[in-house]
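Asks: What follows is the residue order along each chain.
Number of protein chains: 2
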Amino acid sequence: MDNTISRILAKVYENYRGFNEGAVADYIPELTSVDPNWYGICVFTTDGYGYAIGDAEQPFTIQSISKAFTFGMILDDHGPKAVDARIGVEPSGEAFNSISLDPETGRPLNPMINAGAIAATGMVQGSGFEDRFERIRSRFSAFAGSELSVDEAVYRSESATGFRNRAIAYLLRNVEKLDDPVDEAVEVYFKQCSILVTCRDLAVMAASLANGGVNPVTGERVLQPENVEKVLSVMSTCGMYDYSGEWIFRVGLPAKSGVGGGVLGVLPGQLGVAVFSPRLDVKGNSVRGVKTFVELSQSFNLHLFNYPVVSGHVIRRHYKLSDVGSNRQRLKSHHDTIREHGDAVRVIELQGDIFFTAMERLVRLQTELFDSTNTFVVDLTRVSLIDRATEDILLTVASDISDAGKRLIVIDPSEVIDRGRFDSESVNVAFSSDLDTALEFCEDQLIDKHVEAPMVSGLVPFHDFELFQSLDSNELSRIEGLLEMESFDRDCKIVEQGEDPDYMYLLAKGSVGIHLSPSNGAPRGQRVAAFCPGVCFGDLAVVDGSNRSADVWANEPSTCYLFSLASLARLAEEEPVIHSKILRNILLINIDRLRRCNQEIGSLKS
Amino acid sequence: MDNTISRILAKVYENYRGFNEGAVADYIPELTSVDPNWYGICVFTTDGYGYAIGDAEQPFTIQSISKAFTFGMILDDHGPKAVDARIGVEPSGEAFNSISLDPETGRPLNPMINAGAIAATGMVQGSGFEDRFERIRSRFSAFAGSELSVDEAVYRSESATGFRNRAIAYLLRNVEKLDDPVDEAVEVYFKQCSILVTCRDLAVMAASLANGGVNPVTGERVLQPENVEKVLSVMSTCGMYDYSGEWIFRVGLPAKSGVGGGVLGVLPGQLGVAVFSPRLDVKGNSVRGVKTFVELSQSFNLHLFNYPVVSGHVIRRHYKLSDVGSNRQRLKSHHDTIREHGDAVRVIELQGDIFFTAMERLVRLQTELFDSTNTFVVDLTRVSLIDRATEDILLTVASDISDAGKRLIVIDPSEVIDRGRFDSESVNVAFSSDLDTALEFCEDQLIDKHVEAPMVSGLVPFHDFELFQSLDSNELSRIEGLLEMESFDRDCKIVEQGEDPDYMYLLAKGSVGIHLSPSNGAPRGQRVAAFCPGVCFGDLAVVDGSNRSADVWANEPSTCYLFSLASLARLAEEEPVIHSKILRNILLINIDRLRRCNQEIGSLKS
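Heads up: the protein sequence lines correspond to chains A and B, in order. If you use the numbering used here, the first sequence corresponds to residues 1 to 606, in order. If you use the numbering used here, the second sequence corresponds to residues 1001 to 1606, in order.
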């Protein structure tokens, strides 16, 4: 694909394409057989979208980049304590092949120098050489999202000439940082370094680290989440040999390079980047790799410490129930009650990823609104994750609200929080799967509390409907003769979308919902409105003659007065005064609806 | 204040309150006079909100924490190249008082060891000791948001005993990394280390770094934005002496400690944290400082590399003009035109801070919608910042849209982008200060294009109004006698909020806007609707008798037919059929409005 981002990458690529400083690694002859001009760049986002340019599909040996992933594996296998007993995490200030064992503990200073990497490979579980190596190869493959193989010639050559690494291994054995058999560990290490990857593989591996340990292309978990920060930490302080300080200063990404010419960098939460170019500088890093990263970091402003200032956008909006209500249509007087008393119900819609600073904003808002609010409705519909630490804070917020005798309703359709932790008797939290239902519930509570005879138990008499207000008794008698009455079972479809209108319905008892026609196999589509007894529905289509715009379902056994289109037409002919009064009433009802809609649009758009 | 966050801080504080490992620094007697039990924690957010507990107001000497801020100062004064010529940025792997000069270049390895810090202080501009020190004191004060003073006794003692530091200074002079007079630089360095700060001061200083170099309490810029990442980079690799690797591994924040017992840490974009506790470990770091940071980092999940995965929330919502329009009320036929052709106008509302990954999502969406869209409306109202690198990408996006002969409208009321860069002839970008105006403009364009006689030039005849549709010629004559006609100057207030309703207005020519009463001195409040010729307004209040709910202003010279409440009442008496027809028409007009409102609420709530 060719979008703006790929064109910028292409420009960076062209900038360095002809650049030929540095020399291919030559400590074994097999490494010199590469084309020194190979050059590839690849970027993967944490939602699995990739950009690639140049020799992004050319395989080469992973070399030291493997160290970061093996370190991750042993953290997963043994836990950080056991790993800490054998390998430190301090930069050595020395070259990659330095021996650098801590004089006091005997531990290699970090897992990115050869000594630490061999100690790490020695901790990879498995029975025997083949089994241990296969675990590594298979985990690396999961990281890359493709089956990786080995450059056997490079492996044989590394093995045949790796005397210094064998010496390091025996020194490690001497201080008990490596178990027997020593030879096996070194062999696995040589073979691990000879695994073939492409620039694309490395970018996906990097993106898996950026994505909290889940490969964003395959969706597979490849590293435990708690170990991701540990691997990245060591990459940030020790990943680029003794150029690591400069690298963080100039590029600002945790990264790892290998003498095969690969470099990968990770912008946590966002991106994995890989560059492949075999010519190396004296410190063993790919020359164009470093240059490309410096330019990408500047072009895209990727430096980790240049993270933009977090603003208050975690709170999508907040409002009172008196300003934005549910989609249930009620008696005007009930709407008035909600408007009068709805200030104490506060809806807070959150969005994005909720981590500490985001939660701190919520805590502050909750503190500010605490006295004036008796019900908090917190909508997590647009929240993609809440980390455990932040969930702890939310739990405390919930307790505070409970302890003060207030109510908390949480809307969490995608279950981003662990409900079990909130289901204790001491915490008064209700969960709801959609905001509209929660708002309706709050409205019902308000009406129950503030309206004397809140809900009608029998049938609402027809003359109590707003539709017939200001009609005198003679006029009402005339109307009575025109009304039919019909009862509907629960889950009966009263009106069907697309039908020609025949009746206005006056809901005398029960409850109905207005639903869009379902698009999939579900029995009912999205609910766009609901009605209480005393309210009429289907009036708009009758007045303007348009087709029914939605289905109407009985939510419970319901009874309606039916007022037909034909009767209305007859009234227009025979009783223009009555007709006129009814039209005016319909108009008044809809003016009221329109005003509420306008207010709601105002609140929603603000 | 006592909210959930401060209670969690209090818990951490209580955990370590009785902890008394470590020893107060004693290399000069003045440092031993502190109370070893002092313990304070302070957190400041990047919007300037603070939490403090314990001895947060107790002054102590800043010591090595000063090194980070002096390094920032010289980057501001001389630029990174000149600084790079004298001081490296690689961790030394050795103790803070090591000499660590690079054997090749003679540069101190980094500015956090004494050698590098003295070289840095030597670069602070000014004429003479007093002047140079005062510049440091005053910049540190700006960082802290309070006037800092010096512990003169500590300074005299440091100066009297600082032989090793003098030796380092002369070695620096020897390799020309320090200018004459050598003594002056060392004296300034001693005095800089003796500046008194509180835990609160340090937290604000840290928050200033987190906030991109702007003190979040005072709003003052204290460090150039491009140098913030550089200071934080060096803190991350070298800030905690030879515990820096472990620190990043366990805490994951760029940090700096001093032997006075202070430690500060920075979560870029989010927080500054400081802890004060004078007992030190063998590496010179505050024991409780380290423990507190480890616990805070875990409790609040602050580790830099545990940054949550960025999700697509940069795009607040996107929709077609056919689904959500401006608040201008038009002829029904015009609304139909907009609904029919508005699919090709795509509104994209962005939110939050726009950095690379966020922009990449926009680029992807724009690519996906490109073929089906001819006008992109990008709303930056809720965007707080776009960094320069990302602005470059937006500029490319704008060119792409222009090159394809499409249109881009950017809503940028708070000028987060540099408009000058977009004002070139080759880029077809229009700017608008509010979304509603932009939507209205797009609607006008659609009507111009798709409606044969788009805008009326003379007066709309009264019988063309929907209000009078289906009236026969006799009925229309009757109506004509009831209408008055009035013209209004531009900026005339036609209707005033709160008035009793007297007339319905039929806009025959011109344009009017419905505005809420202004709350401040502005002549007009927020515009909630606007009307085109052929549309009536003020009808709702006339029908239901409520007070005028808003002001109506003439946007240009305008002419209206006026239809009075009294005439309507007379019609009800004398001509019920006409009255009934008119009511039905008002009802039809408002049913149409209501349907549009409901559709819009649906789009907005989704």
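Quick caveat, the hints were computed from the structure, so don't treat them as lab data. Possibly wrong hints are sitting among the right ones.
Which bits of chain B does chain A cover? Going by a derived footprint, with three or more residues having C-beta under 8 Å, they are [unchecked claim]:
(1) 1331 to 1339
(2) 1362 to 1374
(3) 1535 to 1547
(4) 1594 to 1600
Far from chain B by the CB rule (all over 12 Å, computed), these chain A residues [said to hold, decoys possible]:
(5) Glu14
(6) Pro36
(7) Asp47
(8) Ser92
(9) Asp183
(10) Lys291
(11) Glu340
(12) Arg388
(13) Asp464
(14) Glu499
(15) Pro523
(16) Gln526
(17) Val577
Dumping the calculated DSBU-like pairs for lysine-lysine here, alpha-carbon to alpha-carbon at most 35 Å [as the list claims (entries may be wrong)]:
(18) Lys1493/B - Lys332/A
(19) Lys406/A - Lys1011/B
(20) Lys406/A - Lys449/A
(21) Lys320/A - Lys1509/B
(22) Lys509/A - Lys493/A
(23) Lys1081/B - Lys283/A
(24) Lys493/A - Lys1081/B
(25) Lys1081/B - Lys332/A
(26) Lys449/A - Lys320/A
(27) Lys291/A - Lys1081/B
(28) Lys11/A - Lys1493/B
(29) Lys81/A - Lys1406/B
(30) Lys1320/B - Lys1081/B
(31) Lys1509/B - Lys1406/B
(32) Lys283/A - Lys11/A
(33) Lys1406/B - Lys1320/B
(34) Lys1406/B - Lys1011/B
(35) Lys11/A - Lys1406/B
(36) Lys1320/B - Lys1493/B
(37) Lys1283/B - Lys81/A
(38) Lys332/A - Lys493/A
For each residue, glycine too, the CB sits at the ideal point set by N, CA and C.
Asks: If you check each hint against the structure, which ones fail?
Replies: Structure breaks hints 1, 7, 8, 12, 16, 17, 21, 24, 25, 28, 29, 30 and 34.
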